[in-house]
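Here are the chains, one letter per residue:
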Amino acid sequence: MCLGYPAKVVEILEDGKKAIVDYLGLKKTVNVSLIKEVAVGDYLLIHSGVAIEKIDEKEAEEIEKLFGEVRDANS
Amino acid sequence: MQTLEKANAIVNTIKNNIEKIGRQLRIIEVCGTHTVSIYRNGFHTLFKGYIDFISGPGCPVCVTHEGYIDNLIELAKMNYTIYTFGDLLKVPGKSMSLAEAKAEGAKIKIMYSPVDAAENIAEDEEAIIAAVGFETTVPAFALSLEKVLEKGLKNVKFACELKTIDQPLKVLLKDHIKVDGLILPGHVATILGVDGFRFVEEFKLPSVISGFEKYDILLSLLSLTQSILNNDFTVKNEYKRVVKKEGNTVAKRYIERFFERTDAYFRGLGLIEGGGLRLKSEYSAFSVQLKYEYESLSNSACRCTDVLTGKLKPFECPLFEKVCTPQTPKGACMVSQEGSCNAYFRFGKWK
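Here the protein sequences come in this chain order: A and B. Counting with the numbering used here, you get residues 10 to 84 for the letters of the first sequence. Counting with the numbering used here, you get residues 657 to 1007 for the letters of the second sequence.
Please keep in mind that the hints were generated in silico from the structure rather than gathered at the bench. Careful: at least some of the hints might be erroneous.
Capping the alpha-carbon separation at 30 Å, the derived lysine-lysine pairs in DSSO-like fashion look like this [as the list claims (entries may be wrong)]:
#1 A:K26 to B:K807
#2 B:K733 to B:K750
#3 A:K45 to B:K834
#4 B:K810 to A:K26
Computed from a predicted model, the values in this text were never measured in an experiment.
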């Protein structure tokens, strides 16, 4: 029930409260009322048909960097 | 450096940290999705002798009392249509599950989203939406009620069995369990923010908010072992790509607009003061009154209570794998995909 999945916004629907997102090629309409300033191309975390947060791509990249730091600390 | 080497480097650092600490650690993962990730990725085996993973009470299905299921079945018999998430279907009630009631003709419909349910319920259908979940899911029910209000529907009610994460965790840490650190639920934290978990610091226990991928878990264990080494009790956030300090403020406003705290019964932990959420009185017209007999847990051989409080591993329950399986669950921990018994059954190389 608490599962969430990341999906990319491909279209904002007219009222701005919904968007069509792409998850592994599957298109779904989700509610985006909880997200400020949604734009096409954003990655959202979807739970129960509702986007609960925007995924920060820079932070996602930071994880990769962290691996590097750990490697250096360990070598 | 290749991914596998990076992962190995992290694993080695975690093990080195634990060797410096000088004892096997007891780590509780509060959220069932973390339990699944830990077992699916074999971390319980990888860290055998280093970390004893305890599964916490953060699976909403697992902490749902059978009395709630009985209530929903009663309502279905009164000719209401019940809208529910699919993972509640197999939870045993006193006499049957929702799935069995459905097989006997009760009108039980599976919803993917409570918001979709509110959009699609027909005006001539007396509908009840089964509102189950922690703070991750509560905003979806708030949006669902908003939709009901917008449409002016009078035929939709909510059966609220919503839970909050802070109160049960406090009870667990105060009275039930001794651990060295906590892996905090990333999706509840998405809503509540890092600030929503500051209360853990009062227990002088290192903790980390974690994502659900295998590297998230590894980095969180790394962070946790470093915190334990340093006696650092500040809540760490290893899920920064999603979780903000203040959480999702829009979602929190939605929760506050429609819901207020109430006492709630947790399977395994009992009645917890302020452990749940109900609709505010101004929305009582949309709320179903539920009646409980909390002491009615029917299958006394089921050890869900001990599993949920870290006293027993699932395989130590006498029913595990013998009569209790995901196909024939006797307790809620075996029902949900996020339940610890279910995770052990599917992925646990625990023997």
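Unmet hints by their number, sorted upward, for this structure: Of the numbered hints given earlier, the structure breaks just one, which is hint 3.
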